[in-house]
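*Asks:* When you get a sec, could you build the whole thing from the sequences and use the hints?
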Amino acid sequence: MRRKRVRVVHFAGSVAVLAAVVMGTVAVPAATAQPDGVGAFAGVVSDGWGGVVGARSIRYTTESPTGATTIATGIVAVPSGQPPAGGWPIVAWEHGSRGLANQCGLTSLPGPDADIVRRFVDTGYAVVAPDFLGLGPGTQAPHPYQHSRTEATATVDLVRAARDADPRLSKAWAVTGVSQGGHAALNTGNIASSYAPELDFRGTVAMAPASNIETILPLIGPQMPALPGTGEAVGVLAAVLAGMRSGAPDFDLGPYLTPAGADLLDRLSTSCVLDFGGQVGSTSFGSLLAQPLSSGPFPDRLRRYTAVPTTGYRQPILLAHGIADVSVPLPATLALAAGFRAGGVDFDLRTYDADHQTIVDVAWPDTRAFLGRILPPR
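Mind the numbering: the sequence shown is residues 1 to 378 in my numbering, read in order.
Careful: at least some of the hints might be erroneous.
[As the list claims (entries may be wrong)] Ranges of calculated distance between the beta carbons of each label pair, as one might list FRET restraints:
1. 369 x 278: 16 to 26 Å
2. 369 x 297: 42 to 52 Å
3. 226 x 378: 49 to 59 Å
4. 346 x 219: 30 to 40 Å
5. 82 x 300: 51 to 61 Å
6. 378 x 266: 41 to 51 Å
The set of hints was computed from the structure by calculation and includes no laboratory data. We put the CB at the ideal spot given by N, CA and C, even for glycine.
*Replies:* Next up, the structure:
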């Protein structure tokens, strides 16, 4: 039977092409220790999530962008039957861009992510899937979009909480994701062993990962004219700025924004990604900004907020990217791969006759084979 195509929301559209030739390697500060009390199961939200047998949504504790303890939500799905010796191996699934508001997460809107979760469960894995901070019901919005640290900690702490709630789960696990979720998967893989040494992390699959955002955004300034076909890119890149207001509250974006820019960020902060186009309308990049994003402390602060590290990985990585992807163009991942190579990272880059919408399906055989080697299913 032919699988359904998985719809993945675009990351940055044609703007990413502008940055492809200037991207370099990235090093970010080492992961810090987790705050007390994170990774604890805090209760079941609902059973039967997304029509997936054995799936339920849960609440758990993790760290906020300021390092305090906060509540997050996510999905846990467990295969039926008796677990293998040592428990069900765990795959963490990181979803693509969904927006900034707490009605946007996969807990509330399963969508195509339910099909992906079901696919992993049918293969013999327990699955955890975080909403990311601020996207789940009753959590503190807006979501700090593309915030490297909390994408990672929300994922690792969900693995901990799932094992707290269900003793049938193994301590062995891996992470997979697409688009924003690819960004999250890489950041998760980078800190997994140091942040949770009690677990047994095996490796990462990142499909069409958002990366080099810290190179793309500083190219934008008041001088940029309106460009046809960039409405979605305006919305998504503006969402990174809106996310920074939540994820980097100590940094004042105000001097960089025009009144129109501040207003758009306010509206995006209460919107899901499918509503971004309507919020943006014909707004241009240039009209949002009072000064270039290459000026002042912004570039360094953005790098610390969202960069994907190119060193420090202890486990193997599979990078999967479609050659027809115009949302996160292949040159972005080629630049990331060059950084990995320079940093001595154990990775495998594979390209496919696929675009941003089809990469999950087209890369599935290689994803399954890679996971089968590093984390054999039941």
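*Asks:* Taking the hints in turn, state whether each one holds.
*Replies:* Hint check:
no.	hint	verdict
1	369 x 278: 16 to 26 Å	41 Å, violated
2	369 x 297: 42 to 52 Å	45 Å, holds
3	226 x 378: 49 to 59 Å	54 Å, holds
4	346 x 219: 30 to 40 Å	31 Å, holds
5	82 x 300: 51 to 61 Å	52 Å, holds
6	378 x 266: 41 to 51 Å	48 Å, holds
Of the numbered hints listed earlier, the single one contradicted by the structure is hint 1.
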